[in-house]
Amino acid sequence: MSSRLRGNQTKALPVAHALSQYRPMRTLTLTLGLSALIAGCAGAPVSSTTDPASADPATAERVDALMRDYAGTGPGASLLVVRGGQAVLRRGYGLAEVESGAAATPQTNYRLASISKQFTAAAVLLLVEDGKLGLDDPIKRWLPSLPKAADAITLRQILSHTSGLIDYEDVMPPEFDDRDRQMHDRDVLRVLEGQDRTYFAPGQAYRYSNSGYALLALTVEQASGKRYADFLRERIFLPLGMRDTVAYERGVSEVAHRAYGYSFEGRWTRTDQSPTSAVLGDGGIYSSIDDLTRWDAALYDDRLLSDASRRLAFSPHTSTDLADVAYGYGWRITGETLWHSGESIGFRNVIVRYPQRRLTVVLLSNRNDPEPYRLALRIAELYLPAAVEAGR
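Numbering (the UniProt record's numbering), first residue to last: 1 to 392.
If you are wondering where the hints come from, they were derived from the structure by calculation, not from laboratory data.
Please note that a few of the clues may not be correct.
To be verified - In silico DSS-like links for lysine-lysine, alpha-carbon gap of 30 Å or less:
| # | residue 1 | residue 2 |
| --- | --- | --- |
| 1 | 132 | 226 |
| 2 | 132 | 148 |
| 3 | 226 | 148 |
| 4 | 226 | 140 |
With the hints as constraints, model all of the structure from the sequences given.
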């Protein structure tokens, strides 16, 4: 496995993004009307504790059977099921740190990888609400050192992966081949300053872009006057009570209850960091299922983002490289679900939300296998009949 593995690069995930290709934009046809999807995102209370009346032992046993690959003495996972505003299942499997034997729990913090993008998108939308950013702002208004090829690229296009920006992982300088040398968001900018080309004319196609979300993090810094990690903490994490969630910076911040990433190479080997792990905007946030319970609740009402901002985030702005998947701002949209995967060397995660049914499944893991998306869907199926009643 390459040390540069990210959330958009895996052959196992059925919705992987082929970075060597792009799909021209086309008219979107969704299996669920947009108005119905957005209507399902309004007003639901939350509890971060398991509702005993909803924790059906038989269902929990079936979930445990599905999660058996994560149990035992290897790297593990934490699983959350929220139904009708209640965390009906929250538990850990296996180990957060193999060497010490520390168990995975609901409080264990995992590197979210590309699930971080929904927080970057939320940060941009907050600054739009503040009047400090405009979605149609040219990226060069905020990052003028970008080359001429970026003249026509807007924040709106970057949010939906339709900018055509060159992916920094394809043009990383050789000094970052050493795992001890890590790129940061400003290094991404410096690399792109030397790339006076795009994959396609901005706005004309879709191509998943880690580069774009790194530039959005820098834009948040420019517009807010705050460090990106500080902005997230002050405007998103602390207001929502996500006290252990952090945009991790080695030597600056610490991760409480931290899970370390592992890959299986004949045995489980710690592969916690790669040359790209320090880039924050596209994948640098650590969080737990307990904190993500609070994040999920905030996506149903205006405690963080206005109705208009949430509508923008959850709307299908472009088709993707798969016929049944659209992209919003930091969210993929498939039928009635809003979801996103997140993968980095040693971590594989997914969040799947059924807003109309008030059902969410989050699976965070500190291992390179198995692939979690299909598993999360199978777990969701166990709760969907009751979720229909909870959503009424």
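(message) Checking one constraint from the list: CA of residue 226 to CA of residue 140, max 30 Å. Satisfied?
(response) Judged against 30 Å, a Cα distance of about 19 Å means the pair holds.
(message) Checking one constraint from the list: CA of residue 226 to CA of residue 148, max 30 Å. Satisfied?
(response) Given that 30 Å is the threshold and the Cα spacing comes to 27 Å, the pair holds.
(request) Given the hint that residue 132 pairs with residue 226, test it: the Cα-Cα distance must not exceed 30 Å. (result) It holds: about 13 Å lies between the C-alpha atoms, which stays within 30 Å.
(request) With a cut-off of 30 Å on the C-alpha distance, tell me whether residue 132 and residue 148 pass. (result) This hinted pair holds, its Cα atoms lying about 24 Å apart.
The structure is consistent with each of the numbered hints, conforming to all of them.
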